[in-house]
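Given the coordinates of chain F, assemble chain B onto it according to the supplied hints.
The residues making up each chain are set out below.
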Amino acid sequence: MSAKIAFDEVEVGTELPAKSFPVTRATLVRYAGASGDFNPIHWNEKFAREVGLPDVIAHGMFTMAEAIQVVTDWSGDPGAVVEYGVRFTKPVVVPNDETGALIEVSGKVAAKLDDNRVRVDLTAMSAGQKVLGMSRAVVRLA
Amino acid sequence: MALDQSFVGRTYPPTAPYEVGREKIREFAEAVGDLNPAYTDTEAAKALGHPDVIAPPTFVFAITFRAASAVIEDPQLGLDYSRVVHGDQKFAYTRPVRAGDRLTVVSTIEAIKSLAGNDILDVRGEVHDEAGEHVVTAWTKLVARAAAEEA
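For the protein sequence lines, the chains are F and B, in the order given.
Heads up, this note's numbering is the position in the first sequence plus 1011, with the first residue counted as 1.
Heads up, this note's numbering is the position in the second sequence plus 15, with the first residue counted as 1.
Watch out, some of these pointers could steer you wrong.
Every beta carbon over 12 Å from chain F, so not counted as near; a handful from chain B, in silico [what the hints assert, rightly or not]: (1) Asp19; (2) Val23; (3) Arg25; (4) Tyr27; (5) Pro29; (6) Asp89; (7) Gly115; (8) Thr119; (9) Ala126; (10) Ile127; (11) Leu130; (12) Glu145; (13) Ala146; (14) Glu148.
Listing some non-contacts, in silico: residues in chain B with all C-beta distances to chain F over 12 Å [unchecked claim]: (15) Gln20; (16) Glu58; (17) Gln91; (18) Arg117; (19) Thr123; (20) Ser129; (21) Gly132; (22) Glu141; (23) Asp144; (24) Gly147.
Derived pair list, reagent style DSBU-like, types lysine-lysine, alpha-carbon separation capped at 30 Å [as the list claims (entries may be wrong)]: (25) Lys1119/F x Lys156/B; (26) Lys1015/F x Lys61/B; (27) Lys1123/F x Lys105/B; (28) Lys39/B x Lys156/B; (29) Lys1057/F x Lys1141/F; (30) Lys156/B x Lys1101/F; (31) Lys1015/F x Lys105/B; (32) Lys1057/F x Lys156/B; (33) Lys1030/F x Lys61/B; (34) Lys105/B x Lys1119/F; (35) Lys61/B x Lys1123/F; (36) Lys105/B x Lys1030/F.
No lab work stands behind these hints, which were simulated from the structure alone.
All of these numbers come straight from a predicted model, not from anything done at the bench.
Glycine is no exception: its CB is placed at the ideal position from the N, C-alpha and C atoms.
Isolated chain B, as found in the complex:
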C-alpha cells in the first residue's frame, strides 16, 4: 500500500532536549571498540581543540532515530514498522557532539517513494544545541519491505 504523499515536507515539533553524558559517550565508544582518547579523556579532547570529550561520529543516531520513530510510528502515515529496514544513513556536521550538549531534533519527511511494492521513506533530522546552534544533520532512509515478499 503506497504511503500518503501529502506527508512529504511535513515537519514535526522539536524533541525534548537530550543531555549528552560523558559516561554514555564512554559506554558507546567501548561498545564499538573505539579507543580514541578524545571520547574519554577531557585533556586529550582539549588538546585537539574541543572544549570537552566528544562523541563518535555515529553516536547521534541514537538521538535522531528516536526522534524519527515518532514520525514513522505516526498512525496517520501508516508505515508498517515491523517491515522496516535501514537503507542509507548520512551525517553532516557543523561540529562534533560533545559531553554536556543538550540536543533537540526537528524531523522532516523529505521524500516518500514506492518501488517494487516497497515503501521508501527519507527523514531528515536537524540537531541543534541549547543555544540554537546547528550541530549535525542526519538523513535516514527507511525501507518497508513489501508484504508480498512473505507470500
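Excised from the complex, chain F in its bound form:
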C-alpha cells in the first residue's frame, strides 16, 4: 500500500482539500442499484412521507461513501484506509428537482498515531445541517 502523502509532512490540524457532492434522485437510483439497497425511502416520495420523512432521503451509506473520498483523494491510495466510522445524525433530504441536494465534506488531521497512521476527522454538511457525526477515518501514510 502506498499513500502519496508522507506522515512526516503532516501536522495535527492539517486541513484536507474539501469536496462538494451533488445528489439528485437519479444519483440515488444509481446507488440503489450498485449497492443493492432498494429501500423505497431512497426513491419513493409517497413511501418516504408515509413513514414520517420530509421527502426522499439519501442512503446513509451513500453519504458515508462520499465523505471518505476527501481522505482517499488526499492520501492517493484508498487501500491505506484502515478504519472508518460514522454516526448518521441527520438525513440528506433530496428534492425532486434538477439540483437535488449538496453534501459538503471537509476534513482535518486530528491526531498522529503510531505506525505512520493519522486520524482524520470529517465534517459532512447538507442544507446547513451536520449529516454525519463522529465521522473519523484512520489512514496509513507513507
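Positioned in the frame of chain F, the structure of chain B alone reads:
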C-alpha cells in the same frame, strides 16, 4: 417491546461466499462518483501495491448488511424491521477488499439496548477471504424506532 437479551453474543453461521467482481466494483465506484483509478485500472492498483483492483472503503457493506439481514429478520429475535434506521457504521480493515475475493461473513449480535422505547441492536460482521484470512470487520448499529412515535 424490549428485545430478548438472550440474543446478545449469538453468532450466526458463515454466509455462502460472495465473489467480488471487478465490474461490480466499477459500478459501485461510478455510483458514488469516485474516479480513483485503483478501483478500475489494474495497473494503477498494482502501482499502489495491490494485486488487483480494490473496492472503495464502504463497498463491503453490501455484503455485511445482507448477512446482518439474516440476523435482524430472525423471527425469534422479533425486531420490527419496518421501523429500522441505520444509526452508526464502522469498518476496520486488515486489507482492502479486491476483485476476485470470495468473502464470507460471520455475524454476531454484540449488544441489545432499549432506550426511550427504541430498540438498539449492534451487529458485528467478521469478513474473511477464501484462505480464511481476515479482511475487514464491520460494526452496524440499527435502531428500531418506538411504535409510539406514530401515535
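Hints and how they fare:
No beta-carbon of chain F comes within 12 Å of the beta-carbon of Asp19/B; the shortest separation is about 25 Å. Non-interface status of Val23/B relative to chain F is upheld: no Cβ of that chain comes within 12 Å, the nearest being about 21 Å off. Listed as a non-interface residue, Arg25/B keeps its Cβ farther than 12 Å from every Cβ of chain F; the least gap is roughly 23 Å. No Cβ of chain F comes within 12 Å of the Cβ of Tyr27/B; the nearest lies about 19 Å off, and the non-interface call holds.
For Pro29/B, the condition that its CB be more than 12 Å from all CB atoms of chain F holds, with the nearest at approximately 19 Å. Asp89/B, annotated as away from the interface, keeps every beta carbon of chain F farther than 12 Å; the closest lies near 19 Å. Residue placement check: Gly115/B keeps its beta carbon more than 12 Å from all beta carbons of chain F (closest about 15 Å). Residue placement check: Thr119/B keeps its beta carbon more than 12 Å from all beta carbons of chain F (closest about 17 Å).
With a least CB separation of 15 Å from chain F, Ala126/B remains clear of the 12 Å interface cut-off, as annotated. With a least CB separation of 19 Å from chain F, Ile127/B remains clear of the 12 Å interface cut-off, as annotated. Listed as a non-interface residue, Leu130/B keeps its Cβ farther than 12 Å from every Cβ of chain F; the least gap is roughly 15 Å. For Glu145/B, the non-interface assignment is confirmed: its Cβ lies about 19 Å from the closest Cβ of chain F, beyond the 12 Å cut-off.
Here Ala146/B stays apart from chain F, with its beta-carbon at least about 18 Å from theirs, past the 12 Å limit. Taking the minimum C-beta to C-beta distance to chain F, about 15 Å, the non-interface status of Glu148/B holds against the 12 Å cut. The beta carbon of Gln20/B is kept farther than 12 Å from every beta carbon of chain F, the shortest such distance being approximately 24 Å. Taking the minimum C-beta to C-beta distance to chain F, about 14 Å, the non-interface status of Glu58/B holds against the 12 Å cut.
With a cut of 12 Å on Cβ distances, Gln91/B stays outside the contact zone with chain F, its closest approach being about 24 Å. With 12 Å as the threshold on Cβ separation, the claim that Arg117/B sits away from chain F holds: the shortest Cβ distance comes to roughly 18 Å. Once the 12 Å rule is applied to beta carbons, Thr123/B is consistent with being away from chain F; the minimum gap is 18 Å. With a cut of 12 Å on Cβ distances, Ser129/B stays outside the contact zone with chain F, its closest approach being about 19 Å.
Gly132/B, annotated as away from the interface, keeps every beta carbon of chain F farther than 12 Å; the closest lies near 15 Å. Remark: the non-interface label on Glu141/B is consistent with the geometry, its nearest Cβ contact in chain F lying 15 Å away (cut-off 12 Å). Every beta carbon of chain F lies more than 12 Å from that of Asp144/B, the smallest distance being close to 15 Å; the non-interface claim holds. The beta carbon of Gly147/B is kept farther than 12 Å from every beta carbon of chain F, the shortest such distance being approximately 20 Å.
A distance of roughly 25 Å separates the Cα atoms of Lys1119/F and Lys156/B; the hinted pair therefore holds under the 30 Å criterion. A distance of roughly 14 Å separates the Cα atoms of Lys1015/F and Lys61/B; the hinted pair therefore holds under the 30 Å criterion. Using a Cα cut-off of 30 Å, the hinted pair Lys1123/F and Lys105/B holds, with the two alpha carbons roughly 20 Å apart. Restraint check: the Cα-Cα separation between Lys39/B and Lys156/B comes to about 26 Å, which is no more than 30 Å; the hinted pair holds.
About 25 Å separates the Cα atoms of Lys1057/F and Lys1141/F, which keeps this hinted pair within 30 Å; it holds. Of the supplied pair hints, the one linking Lys156/B and Lys1101/F holds, its CA atoms being roughly 15 Å apart against a limit of 30 Å. Between the alpha carbons of Lys1015/F and Lys105/B the distance comes to roughly 24 Å, so the proposed pair stays at or under 30 Å and holds. Taking the CA atoms of Lys1057/F and Lys156/B, the gap is about 27 Å. The hint holds against a cut of 30 Å.
Distance check on the hinted pair: Lys1030/F and Lys61/B sit about 27 Å apart at the alpha-carbon level, within 30 Å; holds. This hinted pair checks out: Lys105/B and Lys1119/F have alpha carbons roughly 19 Å apart, not beyond 30 Å. Distance check on the hinted pair: Lys61/B and Lys1123/F sit about 27 Å apart at the alpha-carbon level, within 30 Å; holds. Of the pairs offered as hints, the one joining Lys105/B and Lys1030/F holds, with about 22 Å between alpha carbons and a cut-off of 30 Å not exceeded.
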